[in-house]
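Engineer: Chains as they are written, first to last, in our numbering: chain A, 1 to 341; chain L, 1 to 341; chain E, 1 to 341; chain Z, 1 to 341.
These aren't lab readings, by the way, just hints derived from the structure by calculation.
Hints are not guaranteed to be accurate.
For identical chains, the list gives no copy identity; a pair is met inside one copy or between any two copies.
[Stated by the list, open to error] In the SDA-like style, the derived pairs of lysine to any residue whose C-alpha atoms are separated by at most 25 angstroms in a straight line are:
#1 K324 / G29
#2 K336 / L312
#3 K160 / N301
#4 K223 / S234
#5 K120 / D109
Given the structure is predicted, the values throughout are model-derived calculations rather than measurements.
4 protein chains.
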Amino acid sequence: MKTFASDNYSGVHPEIMDALAKANHDHAGSYGSDDYTARAIEKFKGLFGDDIEVFFVYNGTGANVLGLSALTQSFHSILCAESAHINVDESTAPENFTGCKLVTLPSADGKITAQQVEQKIQRIDDQHHPQAKVISISQSSEYGTVYTVEEVKALSAVAKKHNLYLHMDGSRISNAAVSLNKSFREFTKDAGVDVLSFGGTKNGLMFGEAIVFFQPELAKNFKFIRKQGMQLNSKMRFISAQFEALLSNDLWKRNATHTNHLAQLLDKGLRQIPQVKVTQKAEGNGVFVIMPPQIIPLLQNEFPFYSWNDQLSEVRLMCSWDTKEEEVVKFIAKVKELVAK
Amino acid sequence: MKTFASDNYSGVHPEIMDALAKANHDHAGSYGSDDYTARAIEKFKGLFGDDIEVFFVYNGTGANVLGLSALTQSFHSILCAESAHINVDESTAPENFTGCKLVTLPSADGKITAQQVEQKIQRIDDQHHPQAKVISISQSSEYGTVYTVEEVKALSAVAKKHNLYLHMDGSRISNAAVSLNKSFREFTKDAGVDVLSFGGTKNGLMFGEAIVFFQPELAKNFKFIRKQGMQLNSKMRFISAQFEALLSNDLWKRNATHTNHLAQLLDKGLRQIPQVKVTQKAEGNGVFVIMPPQIIPLLQNEFPFYSWNDQLSEVRLMCSWDTKEEEVVKFIAKVKELVAK
Amino acid sequence: MKTFASDNYSGVHPEIMDALAKANHDHAGSYGSDDYTARAIEKFKGLFGDDIEVFFVYNGTGANVLGLSALTQSFHSILCAESAHINVDESTAPENFTGCKLVTLPSADGKITAQQVEQKIQRIDDQHHPQAKVISISQSSEYGTVYTVEEVKALSAVAKKHNLYLHMDGSRISNAAVSLNKSFREFTKDAGVDVLSFGGTKNGLMFGEAIVFFQPELAKNFKFIRKQGMQLNSKMRFISAQFEALLSNDLWKRNATHTNHLAQLLDKGLRQIPQVKVTQKAEGNGVFVIMPPQIIPLLQNEFPFYSWNDQLSEVRLMCSWDTKEEEVVKFIAKVKELVAK
Amino acid sequence: MKTFASDNYSGVHPEIMDALAKANHDHAGSYGSDDYTARAIEKFKGLFGDDIEVFFVYNGTGANVLGLSALTQSFHSILCAESAHINVDESTAPENFTGCKLVTLPSADGKITAQQVEQKIQRIDDQHHPQAKVISISQSSEYGTVYTVEEVKALSAVAKKHNLYLHMDGSRISNAAVSLNKSFREFTKDAGVDVLSFGGTKNGLMFGEAIVFFQPELAKNFKFIRKQGMQLNSKMRFISAQFEALLSNDLWKRNATHTNHLAQLLDKGLRQIPQVKVTQKAEGNGVFVIMPPQIIPLLQNEFPFYSWNDQLSEVRLMCSWDTKEEEVVKFIAKVKELVAK
């Protein structure tokens, strides 16, 4: 069975499995005091420069929530798109762990603008009102769209102007990098991002995400926050070794290039079918499509995927590192066949 | 390098690696909607009966804290040994996530008694005072000692008498089962335990712990608690497959039998050296020893291990599934050599 | 100095001061075990029937947040108007103390509709998504508008249909009762409200609010929640005696009738001035007006009041129990004079 | 009815009632932007110097918990006596609001020593362990004993040595000042206290406590913490005016001198009765006595007071500003009469 359900339906890339097997010999210091972790951190410094701090955690919710925790006190608020993962798909973990309010901005494409944010930064220094402290964006977004470097910089400028931080949920950051054809650094650190969740699981890892601090002083208490947040892995080498492999031989890029390419094939193929409507730019590895409702279950039987918006009859198609071009071709053919009936 | 540092310094058992490799093909439903998870849960039902609920999480802190969360409201207190992992080694995760106070009981051997607990259940229904709701014990304890079935039952009787729950931190539960020569069920469910953290990582897994609810209604909101607690693994099959393997072909028992045996060898050997003093019964896979302070760093150079109590010059020696008998023999010989100087 | 700033700028009604003085003799049991508290609770039972539970707290934020706490677990969400006091004027107390997310609904008049709420109750039983559990409305609203009995019932019907609770922030509930010309009971308990914050401070008390539970079982742990929430007053008789007085001789009604009347005078007077625009129905004791920006500071010099929306040049005028009709007359005259310049 | 139950059974001192009445005219800015608050703060500056920050809150739990909040992050621990009010009488408010663990020290007289504290500051910088950040002491203590200036300085020295803060719960601080015959400043700010809960309610106020920060930068976010903590009073003048009166004409001192004097009378009288045993030094306004169990209910019928330790048959006798010397005389006579039977 192959699916277009989610990039966490796929398994682990062979090079990652290999790295896990290689890391599995002998004793190693626990909780990160091991060579694999040191080397994985070096890989990140190779991408972003030496003046960063990197921490590994289990999952995306952990990465986002703990990264936001490092930036906030409990009377703060965090501005994000209404569709942000932290707002709709992480239960109340953000509120519960940070104590902060999430202030949401409407967005048709999953992205928020500097202008929108600026208007929502209100009642500064008013004790009665949650104090805006972080702008959080997803790159690529939950709608598969990608912020340009300029858009990130504009958000960072608003953040700096009002003494806020800019946080990036990069659970699919590799797809964004490939889409932009930029180095990670250009649209994160160099564009003014302060803290980044760097995704691994959705790009071929078994488990594991990284949190990258671009201002080391922001990380000064982070080891305590991670432990308290129940995200400190004891046999840490088995996350670190995966990241070392992901950042070696451009594995991250090969995987993301593949999935972005497939998403574009889907996009292109589906746009040629008049009965369906692609609703977003396919800039990452996901494609959003409005389809005739009656064909959705028939398609799902053969190629499982998720409904995105039942009322609109909009679905989400997500490609993984192990999705094959022929599956995309078959899928498009099946859609054509079904709409023709 | 082999060490007596911790059972999380060792790697992953080959049968577990095998299970991970076998689980790594094709797409599988995420977040637990996969066959591996169904099968792993069946394995647990084989151990404990059908009327249980099982959830997998990332690590021991997650298992303990979320299990306790399911049993408490934020105005409650949790009674435990002063040396309990939840009290001294999980940062403030228990307080932070449950809101509860931990009320600690002194213990020389890591175990608490029904009588001690009974005396601390005070000021029931007094709104000013944290309301006792859970007794939490570690099996085996942080000192390598093991509660007998009768001791667990006595604690359960106190719990029931006062409308409290009995929680067991079983991060090393397999060692306890082997030590007691009892089935898991006899000293947990059948002895009155309500919620159990069933350890995997310290017994040969890469990562992953299970939470077992012996009263299914206690688990009714647990899926939300786990997600909110940032402990929901997306590619769940890779925890489940490990547990399926651990509970197949008695792997859990082979590993624990091996480590317990080595601990007894250490215990026996060290007790013959008059200059050192074994301070606890070696009922699990750890041995606690007071040594002449000057030999500790010399020993650690060759066989890394942790100091337990600097003031007493007491150290902890922990055996892992991959520790070899010859290493134990060498270690004892080295101690003899050093104390003789 | 008299102002139209806020109903908490005014002092304490003489009958309340009297009650405080009379309560001040002899010793009395602390924390509510006193006769004043028993009598105040009887007064509430007189209003709502015997099958209620009543608790006194210090302030409106305490009343709202703790009442919501009694209805929720930390993975829940609370639906409210974007302009709700709990959303914009209680810092992050609601998130921090309940752990819940506030899901906000846009509203031009401070009221939300059953239909709006129904559309936002989404992804029930989906572990990834905050689970809707409470609808919270303000009566009268932050815009001085009042829900009809039918509107409350419609919201209650949606709540019941989806197994949610209906919470009412009644910090100005007396104004609503007078405006509706209904008993408290008709638009709260009988209309399906589950928990009510019954306001005192804004209607002439020195301090103190009541939380009324219309389903007693919802209050079963509330004494612990109140203490933990730091809202348990030790010399409780001094809140209770105020409430006893407020609910005696229709003091609540006399005060609210007076302030509503003044608000209507303001409304009527200002609506006759073409250069200003009253933006909301003056159903309570507040009036919202768009004014020429240049006259605002001149007016504020003489009659302090708050700007509501700087961009719209909209201000809020709030009447208190001690506001005098002649002050309203003078105010309107001053507006006329200033717009004429 | 007069009692020896608690200093919160008594009412409000006439000079405080007077101040409340005087404050009750005209409108005043809410939330502390009023002249009463400014004058009350000046009174505090008169006691402690200008370089302080003062905030008013509702009650003692609020004062303690929010003061501790200002000093901690959620991965910290707070060291205190096992008998501390924050540990046994504030539900789980401290854990819930700060997220911190309370690490308790045994104490026979309610006081902890610098040496005890020093031994409990463990595992600094170890991510697994709650990080000690605050020493909290009660002055006078829950056992009516008082720290000398030297004892406070010794605790402060330990705090400074390890980068901790020293917090003082001064709900009965006036009694301590009278007992020590020192200015407030000598045993707080000048002795190294960082944050002080300055009690009002137990010394004749209707309600209200103050939090005094001796390092102003520690208070920089405190207005947000107070609001979020639901302890911001809207008609603030009615707390401030009470404090202004308490700190005028030595009212605080007259009240505390009176209650301390009565406690000493009790102490002296009871020590002459061989059948009872005074267990603590009566340095404040409370006296602790072991009595023949059969006389306790007979005494309580006439003079209500609380049992302190049922097992020991130890009771607590607490004097209030309105307790009369003749009541103490009668009480002692009654004890003599009852033990003689």
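Engineer: Confirm or reject each hint.
Structural biologist: Verification of the supplied hints:
| no. | hint | result |
| --- | --- | --- |
| 1 | K324 / G29 | between (39 angstroms within a copy, 18 angstroms between copies) |
| 2 | K336 / L312 | within (20 angstroms within a copy, 52 angstroms between copies) |
| 3 | K160 / N301 | neither (49 angstroms within a copy, 36 angstroms between copies) |
| 4 | K223 / S234 | both (13 angstroms within a copy, 24 angstroms between copies) |
| 5 | K120 / D109 | both (19 angstroms within a copy, 20 angstroms between copies) |
The structure shown violates just one earlier hint, number 3.
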